[in-house]
Amino acid sequence: MSDQPAPPADPVVLESALVQELRRTLARLELALGQIGDGLVITDGQGRVHWCNGSFEALLHQPRLLMLGRPLDVLLQANLDQEIRFDLLNLIRQPSGGGTFMAVARREPLLVLEVQWRTVTSEQPPPLIFSFRDVSDRVSLEELRLRSKEMADRQVSLAQQVVTCPVTGLPNRRGLSQAIAAALQRLDHQQGWLALLFCDLNHFKEVNDTFGHRVGDQLLIELANRMQRVLRQGDVLARLGGDEFVLLCTELDEPRRATRIAERLRDAVAEPWIPESGPESIEIHPRISIGIALCQNSDSTADQLLHDADLAMYTAKSSSDQQIVVFDEAINARLVRQVQVRTCLQQALRLRRLELYFQPVVRLLTAEVVAYEALVRPRDGDGVPIPPPEFIAVAETSGLINELGRLVLETGLAAAATLGMAGKGLSLALNFSTRQFARSGIAAELIAAAERFAFPPALLSIEITETALLDQPQRTRQELNALREAGFRVLLDDFGTGFSSLTWLAELPIDGLKIDRSFTASMTKDPRRQALISAILRLAVDLELEVIAEGIEHCDQLAALRQMGCVLGQGYLFSRPLTLGRTGQLQAFLPPAPC
Amino acid sequence: MSDSSPAERNPVDPHPAAPHPADPNADASAPSALAEISTPSITELQQGDRPFVLADALGNVVSLNAAFTRIYGWQPAELIGEPLGLILPEAFRMSHQFGFSRFQSTEVSSILAHPLRLSTLCSDGREIVSEHYIVAEKGEDGWCFGATLTPLPPGTPADP
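Chains as they are written, first to last, in our numbering: chain B, 1418 to 2012; chain F, 38 to 197.
Be careful, since some hints might not be right.
FRET-style restraints, in silico, Cβ to Cβ [claimed, not checked]:
1) L189/F <-> R1704/B: 18 to 24 Å
2) D1551/B <-> S160/F: 43 to 49 Å
3) P1805/B <-> L189/F: 55 to 61 Å
Chain F side only, calculated, beta carbon under 7 Å to chain B, not exhaustive [to be verified]:
4) A128
5) S132
6) R139
Computed footprint of chain F on chain B, listed as stretches where at least three residues anywhere in the stretch have a Cβ under 8 Å from a Cβ of chain F [unchecked claim]:
7) 1432-1438
8) 1459-1472
Simulated from the structure, these hints should not be mistaken for laboratory data.
Beta carbons are placed, not taken as given, at the ideal position from N, Cα and C, and that holds for glycine.
Could you put together the complete structure from these sequences and hints?
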């Protein structure tokens, strides 16, 4: 043998040999995986298929090429008789790293699959491996139900042990409750205040809906990181779920300290954010609303504090100018009132009983009634009428507005029929909220209702405010155009209180406008207001728009309006809103105009 | 390749290359072992208007033509010597490696020599749905693989 050492092997040759060896191994492995009867799938961390074997292709009757890159749960639901319904995203987030469940894939003939899954924890995000075994001949439906229940129980038990959010790694509601309870106990022998800062990301649903849940989750993680950067030592940041975060602060020397922390949180979150994945050139400007609840002793409970902070947060969210609100009793009282109003509305809707009033619209020169505006005046538990802005806001936020609108429409048309308004050529005016025009189909509903009550569309006026046209311009215009084409009249209500651009007026799909009562009230004292009304009236003539002056209460107002050429008006000077009596007549008599 | 017998040629290649002298215009960056397969058909494909990419037995890119660079953005320096999987969306790479390996062991393929509609990854990360027509040839150093790609109009689904 030679003493000379062997020359070093060429690394390129070695690498080539290694790759060839690995390729042979891969080939044998895939052949082996193709032999077995179980369906096998490998997905990425988001559940998108990267590989599957022939048995899985046969199970779904789909070639592999068509499945690559597509979400596994979508493929299953599209190809297995719609019976497999498992939340793949939830599965991925489970910390257990694997599991087994049964699923009925088909009822006739019965196909029961035992699905095993596990994560490949060495990679981030961890890919998932699934196997699907047909166990139909081993499982009866009864056994399946039993096993399904056992599994659900086990999942509940596991969930109860989890105290952290799988997306952000922050404590969840359970973890937070434990931290609050411990902090409350410490308050008994500690100075200072405890504060809960309830933070809710504004418009998070839009982010999820527009860019997908992946971007939504990335945003939540980013916000959690940003918030954590402003925490003091000992503060606890938790994620309750969705877009809700709660910060627990203890040992605050004064309540104002909590507000300052909230301001730092708000500013930290407000930095623009660009998602790592998703469409290019997307910049999201996160904004949070924060509600603060404070306490100084252990009399409060974790649930009560969370409830109070939540209420304060909702107050902040519904406010146009406040992002941070500290809970106080006024907030509580407001909420109690909202609940009372909502209950009254729900009761009225359940009983289909609504108190409608009819305020006459008259010709200003002759006091002849030409129309009635139907007004809803629900009463609270003490019998006191609830002001329109209050009950409309509650109806809108509680989702009752559409049902309420339908009831007003039907009650109004029924009353119009009772009064024989159509035969007398009297118009009926009905008010509609912005939210009612936020959905398509409102025009069709109105047209159908008018047909049902045999009420001529030309005598039915729809009153809307400018905000309806600002909030949903395209949809609202479509609906209004459909109504006008059907012969209805559209009136712009409360003109002068909103956007009120005179240029804009020419473009709106309207037949007339109603000058807001605030203009009428002040015009005799303020010459500029009077000049404005005069200008509106002249413009309306040129645009062929009908004008109704609202809130006429005094003779000098009437005289001024007549002089300016205003033809129609309504107000207490002519008549208060009237009720429909049992005899089918309006109860109060229309008093003659005293001037 | 020019002196290989018909039996050595890939039976699934419907366009077997005719013998021809070595092409002096062949990509200089291609390994010398591949000069043998620079047959007229490969040359024509490389110089043609349609994007073309060539990979060796290890699955590494050995050449691409100007049309490929123009449409998908990849420069030769970015791709040559790199795995072919780079031009595939991530979800396709694992199946590509399995299929590539299986073919070399069994010499049986279900995707060669017929059009496949697949997404192709551009150098800037965009994906263009393209019709891939893949052929394989066996030389002294093992198999090599050529793919002609035809980009499809935007909006064409990857799965026909």
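Can you list which hints this structure breaks, lowest number first? Per hint list: single violation, 1.
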